[in-house]
Amino acid sequence: MSILKPDFIKPVGIGAVIFAALAFLPSLVDSYYMSLAISIVSFAVLATAWSMFSGPTRYISLATVVFFGIGAYTVAVLGEVLPFPLVLVCAGLAGTVIALLVGFSTLRLAGVYFVIFTFGLTELVRQVVSWYEVNVTREMGRYVFLDITQNDIYWQLLALFAVLLLTGFILGRSRLGFALRIIGEDETVAKHCGIDVTRVKVALFVLSALFMTLTGAIMAPRWTYIDPVIAFNPMLSFQVVIMALLGGPRRLLGPLLGVVPLTLLFEILTANFPNHFSILLGCVFLVIVYLLPSGVVGLYEKYSAPKKRVLATEQNAKPGGNAA
Amino acid sequence: MFSYAIFSGITLGGMYALVAMGLTLQYGVSRIMNLAYGELVIVASFIAFVFMTSLGVNPIAGLLIIIPASFALNWVIYRILLTPLVARAKNRGMLEVDSILATFGLLFIVQGVLLVWFGGNYYSYDFLNNAVDIFGATIAANRLVALGFAVVIGLGFYLILTRTRMGTALRAVAVDPTSARLVAIDVNFASCFAFTLGGAMAAVGGVLVSMFLTFSTSMGVVFTMKALIVVIMGGVGNMLGALIAGLILGVAESLVATYIDPGLTIAVTYVIFLLVLLIKPSGLFGRAAS
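Listed in order, the protein sequences are those of chains A and B.
Numbering follows the numbering used here, in which position 133 of the first sequence is assigned residue number 146; successive positions increment by one, without gaps.
Numbering follows the numbering used here, in which position 52 of the second sequence is assigned residue number 90; successive positions increment by one, without gaps.
Calculated directly from the structure, the hints in this document are not laboratory data.
It is possible that some hints are incorrect.
[Stated by the list, open to error] Restraint-style ranges between C-beta atoms, simulated for each label pair:
#1 A:284 <-> B:155: 19 to 29 Å
#2 B:94 <-> A:313: 52 to 62 Å
#3 A:280 <-> B:114: 26 to 36 Å
[To be verified] Derived, one-sided and incomplete: chain B residues facing chain A with beta-carbon distance under 10 Å:
#4 90
#5 140
#6 142
#7 164
#8 166
#9 187
#10 191
#11 286
#12 289
#13 299
#14 305
#15 319
Even glycine gets a Cβ: it sits at the ideal position worked out from N, Cα and C.
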């Protein structure tokens, strides 16, 4: 891979300028907009990290909050013992270990096993952490008192997002990213090309989980009180999936298009309909699944791409197999 | 204590098996991976609760209303929500992904509605709560009744699938939807019927479970999870496998809850799931791995 070609330098340069400009946001707006900005950036990291793995492979991970919560919990446990950068390292390690376990036990099988496993994982981790806190440490709920301001959180998240985008950008041009796209198109073909399918999937899953864990760790000082129910709230996984799908998980910047409008929408919904949030969210999600199956990006591509010539045989071919 | 643990494990396992039979039908025949399945179980539990506490109708009589109602509801869900997905799916994998997403959304809607009506508390009601003595273990009568009904309904269901024309058609679709068409089976109708029948099983399971367990609005996910694990462990589409896997899960959970800690039951579920995934992902009685 050649780093110094213009088609690499240009987008990275533009990105660097935009991020540098965004770093000055705290001096321009008040604390309400800062907290909104933090929500947007944190969801942007989560949704982009989710898409990095689930976009190309189409393996839907429903366990975003597991890694987010592990990050947050690590900070709650170690925050006052170790300096913050070391805590982040520990959180990253914890997330990596869990992701490796989940990855190696499910990703060598068909995608549906992975979905099922991640579906219940939140419940498992929450109950095991609760059990441990009640029976071993005997304290349910922990306080996080760290000397970290809202602006610090914002800058850290922004830096994390920049690193994530750079990683995703390099990945898209690397052999690993190419292998992942082939797996997404057809796993059997990928195997025949000599790709170690399981290892590629696990590597990407771990990478994506690492970013989710770090987001949780960075966000933890925002709450002063953390217990398993707050840290492992399945709603978060759901929100991330919606955002990524609305934007379009198959492009690097796609999820961002879903994150911004939906974070604003969630803000309005939680403020006005706190009791009906889950119902409304479910409805929004169904609308996206039915009307925008490949996201805003897909819609754009559909109407802007030149019409392809379709072979007669393809037009007439009946979809076989599924039949139902 | 041991015989009590085993017996309560068998009742619990019987419920899991019953609920999982419905799910294996939905997944095996209709190819719908229904993540909202457990929510439908819980909805039935709450309806049974309302019947019992507000209307004074006992849950067994309630089944006469709940079964047809759930049949109708699931028919509507399939026709309105899932038919468009079936129509646009190019292959089985796409239908799986789409149905996972759609039912995931449905899960949050159903959970939200329950939460608005019933809140986050745990519910239970008194029905046939007198003790019965069996093999030296004291068991509440409601557990016995629930188990009896599970056996009768599960057996009837098994006979329908293996002995009737309709059941044979359903099994044929499960094996190969394309070839099923060649022998004049209406695959679309069979899929819809299998989904509906599966949903009705979920409702029966929910009513029976509510007779002896406390339940809350957030328990649906756990039910879905356990049913899915039982389905995979028994082999997708395999009724007998679901029965045995359900019993194994129920007994294992009950033993751990009795002798180690009730807070670790979900961990047991996951350990069993992991073992299945690592040793035989096609299930106890499954054919070669897919």
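Please flag the earlier hints that this structure goes against, numbers listed from lowest up. Going through the list in order, the structure violates hints 4, 7, 8, 9, 10, 11 and 12 and respects the others.
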